[in-house]
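Enquirer: Go by the hints and put chain X onto chain F.
The listed protein sequences correspond, in order, to chains F and X.
Under the numbering used here, the first sequence is numbered contiguously, ending at residue 367.
Under the numbering used here, the second sequence is numbered contiguously, ending at residue 147.
The set of hints was computed from the structure by calculation and includes no laboratory data.
What follows is a set of in silico ranges between Cβ atoms, one per label pair, in the way DEER data are often shown:
| id | chain 1 | residue 1 | chain 2 | residue 2 | range |
| --- | --- | --- | --- | --- | --- |
| 1 | F | R198 | X | L76 | 43 to 49 angstroms |
| 2 | F | L23 | X | G59 | 46 to 52 angstroms |
| 3 | F | S197 | X | P75 | 44 to 50 angstroms |
| 4 | X | R25 | F | D52 | 24 to 30 angstroms |
| 5 | X | E58 | F | D26 | 41 to 47 angstroms |
| 6 | X | E13 | F | K212 | 54 to 60 angstroms |
| 7 | X | R25 | F | L25 | 54 to 60 angstroms |
| 8 | X | R96 | F | T114 | 30 to 36 angstroms |
| 9 | F | R46 | X | E13 | 26 to 32 angstroms |
| 10 | F | S197 | X | H46 | 50 to 56 angstroms |
| 11 | F | E272 | X | A23 | 37 to 43 angstroms |
Reference listing, derived: stretches of chain X covered by chain F, where coverage requires no fewer than 3 residues with Cβ under 8 angstroms from a Cβ of chain F:
| id | segment |
| --- | --- |
| 12 | 31–37 |
| 13 | 91–105 |
| 14 | 113–126 |
| 15 | 130–143 |
Remember, predicted model here, so these are calculated numbers, not experimental data.
Don't be surprised by glycine CBs; every beta carbon is placed ideally from N, CA and C.
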Amino acid sequence: MTGTGTDTETSATSLPEFSPLGLPLDWTWLKGAKSEWGVRPKPGPRGLTMSDIAVGSYGEVPDEASARTMAPRGGDRDLDLPDLGYLLNRKSEVWADNVVELYEEAVARQWSATRDIPWNELQELPDDVEHAMCQLCTMLTEVEMVAADLPAKWLWRMNHDYLETKMFLGTQIMDEGRHTEVFRKRALSNGGGLLKSRRAVEDLLRTILQAKTYTQASALLHLLGEGFVLDIFRQGELISPTHVEKKIFRMAMQDEARHVAYGTMHIRYEIEHDPDVAEEIHEALDSGEQVLMQFGLNPDMTSALAVLLAGGTEHVEEKGFPLLQQLLGKMMTSYLARCERAGLHRLERTLIPFEMFGIDREQVAVR
Amino acid sequence: MNETTVTKVDSSEFFEALGADMARRVEEYRVLGDCNMDLGIEMQRHDGEPFRIVLHFEGLESPQVIVADPGSDMPLADCKLEGPLDAWEEMIADIRANGSATGLQTLNSLTLIGDRIQVIGGDTMGVDRFFRYNQTLQAYFDGAATL
Numbered sequence: 001m002t003g004t005g006t007d008t009e010t011s012a013t014s015l016p017e018f019s020p021l022g023l024p025l026d027w028t029w030l031k032g033a034k035s036e037w038g039v040r041p042k043p044g045p046r047g048l049t050m051s052d053i054a055v056g057s058y059g060e061v062p063d064e065a066s067a068r069t070m071a072p073r074g075g076d077r078d079l080d081l082p083d084l085g086y087l088l089n090r091k092s093e094v095w096a097d098n099v100v101e102l103y104e105e106a107v108a109r110q111w112s113a114t115r116d117i118p119w120n121e122l123q124e125l126p127d128d129v130e131h132a133m134c135q136l137c138t139m140l141t142e143v144e145m146v147a148a149d150l151p152a153k154w155l156w157r158m159n160h161d162y163l164e165t166k167m168f169l170g171t172q173i174m175d176e177g178r179h180t181e182v183f184r185k186r187a188l189s190n191g192g193g194l195l196k197s198r199r200a201v202e203d204l205l206r207t208i209l210q211a212k213t214y215t216q217a218s219a220l221l222h223l224l225g226e227g228f229v230l231d232i233f234r235q236g237e238l239i240s241p242t243h244v245e246k247k248i249f250r251m252a253m254q255d256e257a258r259h260v261a262y263g264t265m266h267i268r269y270e271i272e273h274d275p276d277v278a279e280e281i282h283e284a285l286d287s288g289e290q291v292l293m294q295f296g297l298n299p300d301m302t303s304a305l306a307v308l309l310a311g312g313t314e315h316v317e318e319k320g321f322p323l324l325q326q327l328l329g330k331m332m333t334s335y336l337a338r339c340e341r342a343g344l345h346r347l348e349r350t351l352i353p354f355e356m357f358g359i360d361r362e363q364v365a366v367r
Numbered sequence: 001m002n003e004t005t006v007t008k009v010d011s012s013e014f015f016e017a018l019g020a021d022m023a024r025r026v027e028e029y030r031v032l033g034d035c036n037m038d039l040g041i042e043m044q045r046h047d048g049e050p051f052r053i054v055l056h057f058e059g060l061e062s063p064q065v066i067v068a069d070p071g072s073d074m075p076l077a078d079c080k081l082e083g084p085l086d087a088w089e090e091m092i093a094d095i096r097a098n099g100s101a102t103g104l105q106t107l108n109s110l111t112l113i114g115d116r117i118q119v120i121g122g123d124t125m126g127v128d129r130f131f132r133y134n135q136t137l138q139a140y141f142d143g144a145a146t147l
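Bound conformation, chain F alone:
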């Protein structure tokens, strides 16, 4: 592009008023739209990122959306654009300071459950270990898609001025589809098959899906549910019987950590800009934590994890369950640390039975 605004305006005066079909033409986009003329964000070493183009009026993300349309920020708009009915029209309701970075990261770090896992290197495992891995994968393939369904439920309600959040949640939906796929494939590919589903799992999914506001939904999904699953993935990598499962869990862990990072910083942003919302989040977590405990301590998952931690059923009591208890304790302290980072002080309020996991509540408070 080499022209100047003045040159364009001069040359546009001689443009036709009608098309060859006889239809009226409008050249105001050529004559009038000069406010961003000359803006040329420079690509960085990684290419042209969403951060790079966040300049000028386009780069200004309003605290209150100016309209409920899909027209991009920074552009000119007709005055009679239809109302698309968005419900989340305040930045604080959806935004996180790291969301642009996380979107670029998600795009750069997509992977394929078909291509990037060395499926042909799976090994035959002892029956008890294979069954345990399949039970864990059954539970994971059951729960992962909720983290796609829930953002999908809220995406169309988010104002288009906050497109970066919508784009990030689009990557999350893709991630969760892939997680559902990869754990299903693992369960079905080595002789064990899909195993048992339980009510406690579905109760957790229902609680998350039925959250009344996006604020509560994000707290329940990103902070509580995905934070817990992130730690399950970390344990999964630890207990994987072969390098194939290790890679599955590591790749899924990376994705899940992005979702948790968004949720943590979103909740923080929202509380900073609207402190009253903290109580709404606390109420959601009060009930969510109870359901999560039923899910996390359900007899199938705990026994499967314990068998994997023990390397089989033989040492499950003296090795598997004690190690599991230790790891569950770490999960709870990780969750509380994320709540603190999000601006939520849960320690005094939570009903999580820390004593069950051998955790001294006062020591957690000191940390």
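Expert: Just chain X now, with coordinates in the frame of chain F:
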């Protein structure tokens, strides 16, 4: 296999060599995607003088290795991996013996158990970067198999 074998784990040369290996295998890293973080490494030597570096990862470039001056604090990082030199040497020995880290010797497993090597950070968001880029970090350390 390189012409020169780098055996001393607590040295900047070791991490520079891992970076050179990363540069040779950049297409494998491209599949994993960009990595943007500062990862601190602290190895406690037997003589009490710790070896401290920060690996500055950016995109697909080999990380810049920033060595802390003896006696000074660890340079700022998103988080750090800290443990006795013996634990680091065992991890690298496992990688060299098996071509990549196995069993409990992966970065995630070691730090999840946390009794030998810990992941530490003042900000949980910084620690979460260790999880967000874990496969890249593991691939970087697995490069020790080629040194």
